[in-house]
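2 protein chains.
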Amino acid sequence: MTIIDSLEKFRKKIETEIEAIPSSDKIPLFYEPIHYINRLSGKKIRPLLTVLSGLAVGGKIENLLPPAAAVELLHNFSLVHDDIMDDDDTRRGKETVHVKWDIGTAILTGDGLLGLAYRKLLSTPNITDLIIARLFTDAMLEICEGQALDKTFEERKLISESEYIEMIQKKTATLIQLACQIGAIVGEGKDKEIQSLTSFGLSIGMGFQIQDDLLDIFADEELLGKRVGSDVLMNKKTIISIRLSERRGKPVDDIKSVDKFRELIQEYGLAEEIQSIADTYFVKAREMLDKIAPNEYRSYLYDLTDYIQNRKK
Amino acid sequence: MTIIDSLEKFRKKIETEIEAIPSSDKIPLFYEPIHYINRLSGKKIRPLLTVLSGLAVGGKIENLLPPAAAVELLHNFSLVHDDIMDDDDTRRGKETVHVKWDIGTAILTGDGLLGLAYRKLLSTPNITDLIIARLFTDAMLEICEGQALDKTFEERKLISESEYIEMIQKKTATLIQLACQIGAIVGEGKDKEIQSLTSFGLSIGMGFQIQDDLLDIFADEELLGKRVGSDVLMNKKTIISIRLSERRGKPVDDIKSVDKFRELIQEYGLAEEIQSIADTYFVKAREMLDKIAPNEYRSYLYDLTDYIQNRKK
Numbered sequence: 012m013t014i015i016d017s018l019e020k021f022r023k024k025i026e027t028e029i030e031a032i033p034s035s036d037k038i039p040l041f042y043e044p045i046h047y048i049n050r051l052s053g054k055k056i057r058p059l060l061t062v063l064s065g066l067a068v069g070g071k072i073e074n075l076l077p078p079a080a081a082v083e084l085l086h087n088f089s090l091v092h093d094d095i096m097d098d099d100d101t102r103r104g105k106e107t108v109h110v111k112w113d114i115g116t117a118i119l120t121g122d123g124l125l126g127l128a129y130r131k132l133l134s135t136p137n138i139t140d141l142i143i144a145r146l147f148t149d150a151m152l153e154i155c156e157g158q159a160l161d162k163t164f165e166e167r168k169l170i171s172e173s174e175y176i177e178m179i180q181k182k183t184a185t186l187i188q189l190a191c192q193i194g195a196i197v198g199e200g201k202d203k204e205i206q207s208l209t210s211f212g213l214s215i216g217m218g219f220q221i222q223d224d225l226l227d228i229f230a231d232e233e234l235l236g237k238r239v240g241s242d243v244l245m246n247k248k249t250i251i252s253i254r255l256s257e258r259r260g261k262p263v264d265d266i267k268s269v270d271k272f273r274e275l276i277q278e279y280g281l282a283e284e285i286q287s288i289a290d291t292y293f294v295k296a297r298e299m300l301d302k303i304a305p306n307e308y309r310s311y312l313y314d315l316t317d318y319i320q321n322r323k324k
Numbered sequence: 012m013t014i015i016d017s018l019e020k021f022r023k024k025i026e027t028e029i030e031a032i033p034s035s036d037k038i039p040l041f042y043e044p045i046h047y048i049n050r051l052s053g054k055k056i057r058p059l060l061t062v063l064s065g066l067a068v069g070g071k072i073e074n075l076l077p078p079a080a081a082v083e084l085l086h087n088f089s090l091v092h093d094d095i096m097d098d099d100d101t102r103r104g105k106e107t108v109h110v111k112w113d114i115g116t117a118i119l120t121g122d123g124l125l126g127l128a129y130r131k132l133l134s135t136p137n138i139t140d141l142i143i144a145r146l147f148t149d150a151m152l153e154i155c156e157g158q159a160l161d162k163t164f165e166e167r168k169l170i171s172e173s174e175y176i177e178m179i180q181k182k183t184a185t186l187i188q189l190a191c192q193i194g195a196i197v198g199e200g201k202d203k204e205i206q207s208l209t210s211f212g213l214s215i216g217m218g219f220q221i222q223d224d225l226l227d228i229f230a231d232e233e234l235l236g237k238r239v240g241s242d243v244l245m246n247k248k249t250i251i252s253i254r255l256s257e258r259r260g261k262p263v264d265d266i267k268s269v270d271k272f273r274e275l276i277q278e279y280g281l282a283e284e285i286q287s288i289a290d291t292y293f294v295k296a297r298e299m300l301d302k303i304a305p306n307e308y309r310s311y312l313y314d315l316t317d318y319i320q321n322r323k324k
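Residue numbers (my numbering), protein chains in the order written: chain A, 12 to 324; chain B, 12 to 324.
Pulled out of the complex, with its shape left as it was, chain A reads as follows (with noise of 0.2 Å):
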């Protein structure tokens, strides 16, 4: 039994309350493809992390679930207007929203899962304050700004490694580091655990980001449910592309085919160079995982760090 399945129970419960939103007979238009897309089998590594982070210092899982429903939700909104930006036709092995649908109903649904994930975060049973309103929406701006500088590297021919990291942490690690965050936050953690959790969010953040990016290359093309090297043949800039334009002592724009990558890649020994970086933020995560006291949920976090740092999609 893989951690996956071990956590099926909380998949389940988490589905659950994302379905409790207005059904698609409400303005079709609007609903449908909100749950459409809410419906594509994800892992929910995003709001599993938000209700293991809690139950780990102690928190109700009844307060947790609209805060997980609600990251998950943001996450939604990026993926599809990410999609329409950059023109990718599959997700999770189906059709876009903006292909089975088209743009303009797409950006409503962007809109509208950003709406309906702070009308879940702002029913967290036990939150009365802003902080975790606060927290969401420094992060969803975050995520627009490394959506943003994801842009603009695309123009460019070089970018340099600090500016990738930026990117990323921005794009990818900020959501995940919300994740545990607001878990630890909603779950009532002391002020220690909750920087303890931040900390680990953020760092298999920035390894899930560039495990992204080889997976990008080295992916099986079914099991990923979409297109192999989309990244480096669009001109994203990956660890993968900027490590090669720095030994190559040119960038990779002349590359064409996946193929070529692969062998570059190979002749430079760029795969273990890179996969060594990921693991050195899964190693600074399980440091943090390490401060919390130990029990059931904290284990399933250790197994969910090193089901993250092994996944083949």
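Incorrect hints may have been included.
Said to hold, decoys possible - Some chain A residues close to chain B (C-beta under 10 Å, calculated; not the full set):
#1 Lys37
#2 Phe41
#3 Cys155
#4 Glu156
#5 Lys162
Hints in this document: simulated from the structure, not taken from any laboratory. Treat the numbers as computed from the prediction; the structure is a model and nothing was measured. Think of the CB as a built atom: it goes at the ideal place given N, C-alpha and C, for glycine as much as any other residue.
Start from chain A and add chain B according to the hints.
Frame of chain A; chain B shown alone:
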């Protein structure tokens, strides 16, 4: 001196509050179009309503400026995304964001405006609970639902007047209602005052949209800042197209020029009829204002009602 001139000092303060977001130097692709749309010369009616509603019940200006800015940013979010969906190329006499930049940038600009709106709202100095954040979120979702209805109606030949009323209430009146409501709440008005000002906002919002439908056909194009007839010729459902369809006993989609619309409106005496529907809402709005105690700011609210009722753009 018009009411718009008298309110210049408040408008300046609102503009300063809106400008106090990160500068364009920080991630230009993200912040430049945000500042561009915020600086387009709008009348700032919605944030003025927030400020005046709050002051009218004894609120402090420094508390009212952040929620007023939030209302304007929420409005601008919806303009930028709606302009993409409606493929409008001018707004307030200037190029729309997706024309000046591109669709991807305009999507991100709208998202950013919404995030900044929440950040402003959550910085309201005298509010520590979740009430205004919840109202704001409900309004944001209503606006999206209204836009979805508007899009859905474009595909249909005929819609009923009650469907139209539901659509404009969500799409337009909700935001104007919210502007007054959160002004009254942040101004720490009594429950009765909050109710009266909320109802006032709803009524002027309804009147405002019906006027807008008239202006789409009868405004001076230069004054309006966008093409005259752009709604009816795009098959948008307005009170004009609905009543005209009723009178003729058939849809209006065969009418291909604004002149022809004007001719038929004249023939059926529809302009006066529709103006009188709008006027009914403005009468109701004034009755609501009558319920709060008289002061300088309430007078401005009456004047603003007159201005909206008689506006030419």
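Taking the hints in turn, this is what the structure says about them:
{"no.": "1", "hint": "Lys37", "result": "8 Å, holds"}
{"no.": "2", "hint": "Phe41", "result": "4 Å, holds"}
{"no.": "3", "hint": "Cys155", "result": "5 Å, holds"}
{"no.": "4", "hint": "Glu156", "result": "5 Å, holds"}
{"no.": "5", "hint": "Lys162", "result": "6 Å, holds"}
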